[in-house]
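Assemble the whole structure, with the sequences as input and the hints as a guide.
Residues per chain are reported as follows:
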Amino acid sequence: MTSSGFGSTSLMTRSMAWAIICFLVLPISIVFAVSVTDRPYLSLPRDGVSLQYYGNLVTSQAWLSSILHSLIIAVASTAIAAVAGTLCAIGCWRLSNRASNIIRLVMLMPIMVPTIVYALGIYQFWIDLRLIDTYTGVIIAHAVTGIPYVVITVSTALAGFDPRLEQAALNLGASMAQTLRLVIIPNILPGVISGVIFAFIHSWDELVIVLFIAGRGVFTLPRRMWDGINEHLDPTMAAVAAVLVLITLGLLFIDIAIRARRAR
Amino acid sequence: MTAPAARPMPSLPRGLHFSATGRYWLLIMPALAMMVVFYLYPISRVLWMSVTEPQPGIDNFALLATSASIQRMLMTTARISIITTLITLVLAYVVSYVLVHSSERVQRWMFLGVLVPLWISVLVRAFAWFVLLRREGLINNTLISTGLIDTPLSLIWNETGVMIGMVHYMLPFGILPIYANMRDIDQRCIAAARGLGATRGVAFRKVFLPLSTPGVVGAGILVFIFSLGFFVTPAILGGGKTLMIAEYIKVQILEIVRWGVGTMLAATLLIVIGGLLAVLSRIVDLRKLFGAG
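Heads up: the sequence lines are chains A and B, in that order.
Letter 222 of the first sequence, counting from 1, is numbered 222 in our numbering, and no numbers are missing.
Letter 292 of the second sequence, counting from 1, is numbered 292 in our numbering, and no numbers are missing.
To be clear, the hints were calculated from the coordinates, so they are not data collected in a lab.
Hints may be right or wrong, so weigh each one.
Claimed, not checked - Restricting the straight-line Cα-Cα distance to at most 25 Å, the calculated cross-link-like pairs of lysine to any residue (SDA-like) are: (1) B/Lys-250 / A/Leu-207; (2) B/Lys-250 / A/Leu-129; (3) B/Lys-288 / A/Leu-131; (4) B/Lys-288 / A/Leu-95; (5) B/Lys-288 / A/Arg-98; (6) B/Lys-206 / A/Thr-13; (7) B/Lys-206 / A/Met-12; (8) B/Lys-288 / A/Val-75; (9) B/Lys-250 / B/Met-73; (10) B/Lys-288 / A/Thr-13; (11) B/Lys-288 / B/Val-217; (12) B/Lys-241 / A/Asp-227; (13) B/Lys-288 / A/Leu-105; (14) B/Lys-250 / A/Thr-136; (15) B/Lys-250 / A/Asp-133; (16) B/Lys-250 / B/Gln-71; (17) B/Lys-250 / B/Gly-260; (18) B/Lys-241 / A/Leu-233; (19) B/Lys-241 / B/Ile-87; (20) B/Lys-288 / A/Ile-185; (21) B/Lys-250 / A/Ile-258; (22) B/Lys-241 / A/Leu-207; (23) B/Lys-250 / A/Met-109; (24) B/Lys-250 / A/Leu-131; (25) B/Lys-250 / A/Tyr-135; (26) B/Lys-288 / A/Ala-260; (27) B/Lys-288 / A/Asn-187; (28) B/Lys-241 / B/Asn-158; (29) B/Lys-288 / A/Ile-256; (30) B/Lys-288 / A/Met-109; (31) B/Lys-288 / A/Ile-258; (32) B/Lys-250 / A/Thr-134; (33) B/Lys-206 / B/Ala-193; (34) B/Lys-250 / A/Gly-215.
What follows is the structure in structure tokens.
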């Protein structure tokens with residue numbers, strides 16, 4: 001008998017699994033093909049490939065300013081989420097009692113609660129505080145909703161960290177700040193970096209909150225893509241999408257490389 | 001402040017000093033304070049507004065029983081979410097099953113195929129499906145030029161289009177919990193069943209399938225919850241014709257400015273999801289499911 005128990009899967013099951021993986025991956029690749037079209041509308045290239053829409057993208061004031069807006073917001077909100085989330089995860093990890101378990105669950109709320117619910121609440125709150133259509137408003141909202149990603153990745157990293165190392169540092173006279181900076185953070189750095197990447201992507205890609213609390217003053221990239229798809233559809237959208245896919249792949253490979261190094 | 005003698009604390013007091021526990025609370029405070037002020041408080045205002053706007057009472061919630069258009073929209077939301085979840089689970093099960101039974105090298109490639117879409121912007125994914133599915137889109141054009149059909153298929157701005165896009169978005173969220181559960185199944189159980197004379201099919205049905213149920217339930221509720229409140233993909237692929245709750249809420253608030261109805265629907269969504277999570281927490285560890293061990 002070649003297969004003991006379930007050591008192998010049938011060819012049909014394996015083919016189905018790969019077909020599903022193709023369903024996941026292939027549709028995304030379509031944006032590359034459309035982005036080099038020589039036509040004035042969304043279609044595959046007919047008579048030859050053209051880079052005109054990438055040209056449009058790099059010379060368009062509108063797209064560039066949206067990229068800048070998104071970048072500022074993502075960097076600032078990620079920085080806040082990374083610091084707050086990392087400290088919180090460390091605190092919960094050391095306490096590890098009932099209260100800290102509840103806090104960790106609360107920190108997961110932004111992932112579990114639909115963004116639309118939060119968007120209404122923050123919209124109302126920002127009207128009161130006059131933070132509608134301001135960088136501060138969007139940065140705070142993105143930072144709060146980015147914290148869960150940092151808490152998750154840092155908690156995972158801490159699960160593999162020996163708490164006695166921290167105790168040793170404290171017993172040798174290191175202050176809390178020194179222990180954090182010299183012992184804990186370096187050991188969980190890969191987890192922190194993963195969290196940073198996730199929080200960054202979260203802000204960079206966030207649309208629903210922005211639809212409510214931002215206007216013409218803070219016009220992020222997802223907001224412009226949203227308008228592009230709904231109003232003036234041209235292949236520049238495909239060029240934007242293609243660039244975003246490439247950037248995401250780059251970040252993914254950085255993350256994989258970091259994880260691989262940690263695993264070694 | 002005196003430190004409770006939980007552990008010897010040999011370090012000299014410097015400036016402000018806290019007990020060991022107090023210091024860890026200090027680390028938690030910034031995130032907790034942000035979460036309370038900028039997250040929990042705004043959400044509680046939504047809940048409050050749902051019973052006070054335009055006047056105090058449960059008039060808004062009565063609409064759930066009386067408004068035909070709201071009921072229709074809720075049915076659409078439920079139908080799309082349930083079908084999306086079922087399709088996602090079946091596909092996720094197949095991928096997870098093959099994943100746990102593959103060599104490490106195959107696993108790496110398959111995982112890449114699962115993780116890449118997870119990381120790609122949701123707008124990019126919805127846009128890609130838009131390009132493929134619309135009337136003069138790539139699928140219709142290809143089918144027409146090869147002569148397989150002569151009128152374009154309606155693949156977009158209906159429930160079919162929304163479901164295709166949603167299953168595509170949800171699949172990684174289905175695969176990861178099911179895979180995590182299957183990985184922990186002791187393969188010797190199946191070997192034992194086979195040794196005792198069970199055929200492959202019987203061993204799968206009677207041993208593997210029941211053991212993998214917790215993962216399927218966890219993934220199912222996770223995907224269902226995400227589907228219920230999903231905005232971007234249904235809005236783009238539904239084109240305003242297939243209206244799900246998130247988009248309906250957005251229209252209520254931003255276009256017709258009916259805060260009462262909008263917040264009531266948001267509160268309803270929150271209550272339904274809270275209930276599902278309460279059920280879920282009895283079956284699986286939520287923190288584990290969402291990745292925070």
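Results of checking the hints against the structure:
Pair hint B/Lys-250 plus A/Leu-207 holds up; C-alpha atoms about 12 Å apart against a cutoff of 25 Å. A hinted pair counts as satisfied when its Cα atoms are at most 25 Å apart, and B/Lys-250 with A/Leu-129 qualifies at roughly 21 Å. A threshold of 25 Å between alpha carbons decides the hint, and for B/Lys-288 with A/Leu-131 the separation of about 36 Å lies outside it, so the pair is violated. Between B/Lys-288 and A/Leu-95 the CA atoms are separated by roughly 18 Å; this keeps the pair inside 25 Å, and the hint holds.
Taking the CA atoms of B/Lys-288 and A/Arg-98, the gap is about 16 Å. The hint holds against a cut of 25 Å. Of the pairs offered as hints, the one joining B/Lys-206 and A/Thr-13 holds, with about 19 Å between alpha carbons and a cut-off of 25 Å not exceeded. Straight-line distance between C-alpha atoms of B/Lys-206 and A/Met-12 comes to about 21 Å, which keeps the hinted pair within the 25 Å bound. With a C-alpha separation of about 28 Å, the suggested pair B/Lys-288 and A/Val-75 falls outside the 25 Å cut-off, and the hint is violated.
Distance check on the hinted pair: B/Lys-250 and B/Met-73 sit about 13 Å apart at the alpha-carbon level, within 25 Å; holds. At most 25 Å may separate the alpha-carbon atoms for a hinted pair to count; B/Lys-288 and A/Thr-13 exceed this at roughly 28 Å. For a cut-off of 25 Å, the pair hint linking B/Lys-288 to B/Val-217 stands: about 14 Å separates their Cα positions. For the suggested pair B/Lys-241 and A/Asp-227, the alpha carbons sit about 18 Å apart, so the restraint of at most 25 Å is met.
Under the criterion of a C-alpha separation no larger than 25 Å, the hint pairing B/Lys-288 with A/Leu-105 is consistent with the structure, at around 10 Å. Annotation: proposed proximity of B/Lys-250 to A/Thr-136 holds, straight-line Cα distance about 23 Å (limit 25 Å). Taking the CA atoms of B/Lys-250 and A/Asp-133, the gap is near 17 Å; set against the 25 Å cutoff, the hint holds. For a cut-off of 25 Å, the pair hint linking B/Lys-250 to B/Gln-71 stands: about 17 Å separates their Cα positions.
Restraint check: the Cα-Cα separation between B/Lys-250 and B/Gly-260 comes to about 12 Å, which is no more than 25 Å; the hinted pair holds. Proposed proximity of B/Lys-241 and A/Leu-233 is supported: the alpha carbons are some 19 Å apart, at most 25 Å. A hinted pair counts as satisfied when its Cα atoms are at most 25 Å apart, and B/Lys-241 with B/Ile-87 qualifies at roughly 22 Å. Distance restraint check for B/Lys-288 and A/Ile-185: the Cα-Cα separation of roughly 23 Å lies within the 25 Å cut-off, and the hinted pair is therefore satisfied.
About 39 Å separates the Cα atoms of B/Lys-250 and A/Ile-258, which puts this hinted pair outside 25 Å; it is violated. Our distance criterion of 25 Å between C-alpha atoms is met by B/Lys-241 and A/Leu-207, whose separation comes to about 20 Å. The suggested pairing of B/Lys-250 with A/Met-109 holds, with an alpha-carbon distance near 21 Å, which does not exceed 25 Å. In summary, the hint linking B/Lys-250 to A/Leu-131 is supported, as the alpha carbons are separated by about 19 Å, within the 25 Å threshold.
Between B/Lys-250 and A/Tyr-135 the CA atoms are separated by roughly 22 Å; this keeps the pair inside 25 Å, and the hint holds. For the suggested pair B/Lys-288 and A/Ala-260, the alpha carbons sit about 22 Å apart, so the restraint of at most 25 Å is met. Annotation: proposed proximity of B/Lys-288 to A/Asn-187 holds, straight-line Cα distance about 22 Å (limit 25 Å). In summary, the hint linking B/Lys-241 to B/Asn-158 is supported, as the alpha carbons are separated by about 7 Å, within the 25 Å threshold.
This hinted pair checks out: B/Lys-288 and A/Ile-256 have alpha carbons roughly 21 Å apart, not beyond 25 Å. The hinted pair formed by B/Lys-288 and A/Met-109 meets the criterion: a straight-line CA distance of about 14 Å does not exceed 25 Å. Restraint check: the Cα-Cα separation between B/Lys-288 and A/Ile-258 comes to about 22 Å, which is no more than 25 Å; the hinted pair holds. In summary, the hint linking B/Lys-250 to A/Thr-134 is supported, as the alpha carbons are separated by about 20 Å, within the 25 Å threshold.
Taking the CA atoms of B/Lys-206 and B/Ala-193, the gap is near 9 Å; set against the 25 Å cutoff, the hint holds. About 15 Å separates the Cα atoms of B/Lys-250 and A/Gly-215, which keeps this hinted pair within 25 Å; it holds.
Of the numbered hints listed earlier, those contradicted by the structure are 3, 8, 10 and 21.
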